[in-house]
Amino acid sequence: MNKEGTLGLIFLCTGIYGLVLSIQLSMGTWKEPGPGGFPACLSFLLCICGVLGFVGARGKSKGKPRIDRRLASRNLAPPLKIVMVTLGFILSLDKAGYLVASTLYMFVLLFWISRYKWWLSILLALGLGTASWYFFGKVLAVQLPKGVWNLY
Amino acid sequence: MDVLSDCLNGFRIALSLNNLYLCFIGCLWGSIVGVLPGIGPTAGITLLIPVTFGLHPTGAIIMLAGIYYGAMYGGSTTSILMKIPGEAASVVTCIDGYQMTLKGRGGAALFISAWGSWIGGTLSIVGLMFLTPVLADFGTNFGPPEMFGIYLMALILLGSLGREFFKTMPMIIMGMLIGTVGVDAISGVFRFTHGNKDLFDGFGLLPIAMGSLGIGEILSTTGESMVTIVHKIKFRELLPTREELRASVGPIFRGSGLGFIIGFLPGAAHVFSSFASYVLEKRLAKRPKEFGTGRIEGVAGPETANNAATGSAMIPFLGLGVPTGTATAVIMIALLIHGVQPGPLLISEHPDVFWGFVASMYIGNLILLILNLPLVGIFVNLIRIPSRILFPIIILICLVGTYSINFNTFDLFVLLGFGVFGYVFKKLECDIAPLILAVLIGPPLEMAFRQSLMRSAGSFSIFFEKPIALVLIISSGLLLAWNIFRGLRPGKASWEK
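First to last, the protein sequences are chains A and B.
Using my numbering, you'd call the opening residue of the first sequence number 1 and step up by one each time.
Using my numbering, you'd call the opening residue of the second sequence number 153 and step up by one each time.
Quick caveat, the hints were computed from the structure, so don't treat them as lab data.
Note that the structure is a prediction, hence the values are computed from the model and not measured.
Glycine included, C-beta positions come from ideal geometry on N, C-alpha and C.
Do not take every clue at face value.
Said to hold, decoys possible - Calculated pairs, DSSO-like style, for lysine-lysine (alpha carbon to alpha carbon, straight line, at most 27 Å):
(1) A:95 with A:146
(2) B:438 with A:3
(3) B:578 with B:255
(4) A:117 with A:138
(5) B:438 with B:255
(6) A:146 with B:578
(7) B:255 with B:441
(8) A:138 with A:95
(9) A:95 with B:349
(10) B:255 with A:3
(11) A:31 with B:618
(12) B:255 with B:434
(13) B:579 with B:235
(14) B:618 with A:81
(15) B:578 with B:235
(16) B:235 with B:441
(17) B:235 with B:255
(18) B:579 with A:81
(19) A:3 with A:117
(20) B:438 with B:235
(21) A:117 with A:81
Stated by the list, open to error - Chain B side only, calculated, beta carbon under 10 Å to chain A, not exhaustive:
(22) 340
(23) 551
(24) 572
(25) 577
(26) 634
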């Protein structure tokens with residue numbers, strides 16, 4: 001499938017999702033339009049755009065670049081790693097506290113993704129984690145989570 | 153005379169030590185952001201929004217706007233010296249700017265670029281100062297039908313001026329759909345929340361913007377490296393010759409006018425204006441074939457135009473509350489967080505915010521003129537910072553910044569989710585910026601539509617009885633039809649070609 005086809009499919013799926021949920025809401029009347037009318041119209045339009053995009057892409061697929069799946073999988077690795085590590089940071093933030101979570105997070109990013117040496121990654125992670133904790137927590141007075149140990 | 157006395161009052165506010173400092177920080181950060189490829193002015197503004205939470209709204213908008221026009225100055229530095237555009241509006245400057253550097257005239261190109269930017273920026277602020285109150289006065293007479301017409305026109309124009317209409321319009325529709333998540337302001341019913349209390353107020357605008365523009369951009373560019381051949385410029389080489397100065401005058405003033413007019417258009421106005429100015433100068437030149445070999449006109453015009461566009465882009469945003477680009481959309485998000493609603497009532501309800509901001513733009517443009525030329529060596533060396541150390545810092549700033557809004561980890565999931573969203577759409581060659589604008593404009597558009605129908609007891613004639621609403625809706629319809637017709641015509645090349 002080419003890029004246009006993929007886009008059309010995304011629009012179509014989003015439109016169907018929106019349509020299914022919005023028709024469960026009240027449409028109201030023309031005098032008092034309900035909460036379901038506007039999202040239903042948008043979802044319907046999105047479905048049309050999705051169908052047109054998907055069908056049109058299939059018709060024009062000759063000469064259009066297809067998505068090279070092997071290349072796409074290889075290029076997907078760094079962003080996927082970043083997403084996974086970031087997810088881990090978000091899930092551990094409340095329990096571990098910001099200082100610990102951010103330092104670990106930075107270490108993993110710098111070592112695993114940026115490919116710095118382990119000792120440099122530790123140093124940079126400690127420096128950046130502490131500096132960001134100080135800047136946001138103390139200078140800007142943002143209430144950063146302290147974790148279950150509540151050490152700082 | 154009222155405008156001048158209000159402006160003087162604005163200078164009194166802008167020249168306070170605190171606001172001067174914030175203006176300087178904004179301009180400096182904007183110049184840095186402009187130099188670093190991959191971080192555009194919008195991402196630069198979103199990164200600094202959390203820093204503004206403890207500030208007065210006047211100080212916040214002064215700093216954030218400083219980033220916006222500062223990035224236009226900074227973007228030209230690497231375009232001219234390294235043929236690497238710092239941001240999209242400086243792409244066209246690479247053509248002749250870099251050629252001038254190769255000929256040993258890079259300093260002169262930087263000088264003319266800085267002066268042209270200052271003149272274009274200053275003239276557009278004069279326009280902003282006089283036109284915004286007029287537009288705001290006009291806007292106070294607008295009711296829901298007129299506002300519906302304006303929002304509809306803005307979205308259709310955004311779609312028309314996007315890369316491809318049939319990709320941009322669905323993104324706009326999707327953005328409006330995302331904007332419906334949360335409690336419906338009229339009926340109080342929850343829409344698309346699935347019982348999740350964190351979604352009762354909808355998706356946060358800041359996580360959406362930071363995620364799709366900041367995180368999305370990082371996910372897309374991770375691993376890319378830059379060739380960093382830096383041409384060094386000596387201070388004495390900054391001065392242009394008399395001939396170069398004479399040749400720049402016309403392009404600078406034409407660029408100012410063209411940039412100011414194009415700045416009103418939704419979408420990437422500062423990008424369009426720089427390209428339009430280049431095309432215009434090439435058409436007017438006695439020897440157009442020399443463009444691309446290092447003509448000063450190819451630098452003076454575009455750089456002036458993109459700075460002139462930043463001033464006029466603020467006019468619909470401040471006067472009517474309609475952001476026309478992602479940078480103004482993000483500044484609007486920041487103002488909303490501070491409890492200031494841009495629109496027809498901004499000048500009357502918050503005159504200190506508006507006039508302090510206008511005055512600070514004059515000061516900021518002057519700061520940038522003074523800052524950019526002597527510090528060009530430092531700015532250019534910033535590009536040597538490896539992206540593999542920059543991206544973790546930027547992600548962390550995005551995460552902490554988002555967390556500091558509501559101290560809720562759900563916002564971080566939204567940030568990450570929209571980051572993935574932005575990455576996916578970038579890989580599919582689909583611009584995410586219209587979606588963000590639509591998330592912002594969609595809810596007031598729906599509100600205006602429903603209020604119009606409620607006022608008219610369900611009759612659509614209300615949209616045709618008001619002349620302004622009628623003109624806007626018909627124009628939007630014609631523009632939509634034209635775009636559909638143009639897109640469906642067989643064998644038609646895209647408008648970019």
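Results for each hint:
For the proposed pair residue 95 (chain A) and residue 146 (chain A), the alpha carbon gap of about 8 Å is at most 27 Å, so the pair holds. Between the alpha carbons of residue 438 (chain B) and residue 3 (chain A) the distance comes to roughly 44 Å, so the proposed pair goes past 27 Å and is violated. Between residue 578 (chain B) and residue 255 (chain B) the CA atoms are separated by roughly 37 Å; this puts the pair beyond 27 Å, and the hint is violated. The straight-line distance between the Cα atoms of residue 117 (chain A) and residue 138 (chain A) is roughly 30 Å, outside the 27 Å bound, and the hint therefore fails.
A threshold of 27 Å between alpha carbons decides the hint, and for residue 438 (chain B) with residue 255 (chain B) the separation of about 21 Å falls inside it, so the pair holds. Taking the CA atoms of residue 146 (chain A) and residue 578 (chain B), the gap is about 36 Å. The hint is violated against a cut of 27 Å. Proximity of residue 255 (chain B) to residue 441 (chain B) is assessed by CA-CA distance (about 17 Å); at most 27 Å being required, the pair is judged to hold. Restraint check: the Cα-Cα separation between residue 138 (chain A) and residue 95 (chain A) comes to about 20 Å, which is no more than 27 Å; the hinted pair holds.
A C-alpha spacing of about 21 Å is found between residue 95 (chain A) and residue 349 (chain B), which places the hinted pair at or below 27 Å, so the restraint holds. For the given pair, residue 255 (chain B) sits about 42 Å from residue 3 (chain A) by alpha-carbon distance, which is inconsistent with the 27 Å threshold. The suggested pairing of residue 31 (chain A) with residue 618 (chain B) holds, with an alpha-carbon distance near 19 Å, which does not exceed 27 Å. At most 27 Å may separate the alpha-carbon atoms for a hinted pair to count; residue 255 (chain B) and residue 434 (chain B) meet this at roughly 20 Å.
Of the supplied pair hints, the one linking residue 579 (chain B) and residue 235 (chain B) holds, its CA atoms being roughly 24 Å apart against a limit of 27 Å. Restraint check: the Cα-Cα separation between residue 618 (chain B) and residue 81 (chain A) comes to about 55 Å, which exceeds 27 Å; the hinted pair is violated. For the hint linking residue 578 (chain B) to residue 235 (chain B), the alpha-carbon distance of about 23 Å falls within 27 Å, and the restraint holds. Of the supplied pair hints, the one linking residue 235 (chain B) and residue 441 (chain B) holds, its CA atoms being roughly 20 Å apart against a limit of 27 Å.
With a CA separation close to 14 Å, the supplied pair residue 235 (chain B) and residue 255 (chain B) stays within the 27 Å bound. Of the supplied pair hints, the one linking residue 579 (chain B) and residue 81 (chain A) holds, its CA atoms being roughly 17 Å apart against a limit of 27 Å. The suggested pairing of residue 3 (chain A) with residue 117 (chain A) is violated, with an alpha-carbon distance near 38 Å, which exceeds 27 Å. Distance check on the hinted pair: residue 438 (chain B) and residue 235 (chain B) sit about 26 Å apart at the alpha-carbon level, within 27 Å; holds.
Distance check on the hinted pair: residue 117 (chain A) and residue 81 (chain A) sit about 18 Å apart at the alpha-carbon level, within 27 Å; holds. Taken as an interface hint, residue 340 (chain B) checks out: its beta carbon lies about 9 Å from the nearest beta carbon of chain A, inside 10 Å. The interface hint given for residue 551 (chain B) is met, as the beta carbon of that residue sits about 7 Å from the closest beta carbon of chain A, less than 10 Å. Checking residue 572 (chain B) against chain A by beta carbon gives a least distance of about 6 Å; that is within 10 Å, so the hint holds.
Given hint, residue 577 (chain B) at the interface with chain A, holds; its Cβ is 8 Å from that chain's nearest Cβ, closer than 10 Å. Violation of the interface hint for residue 634 (chain B) is found here, the shortest Cβ-Cβ separation to chain A being roughly 17 Å, above the 10 Å cut-off.
In terms of the numbered hints stated before, the structure departs from hints 2, 3, 4, 6, 10, 14, 19 and 26, listed from lowest to highest.
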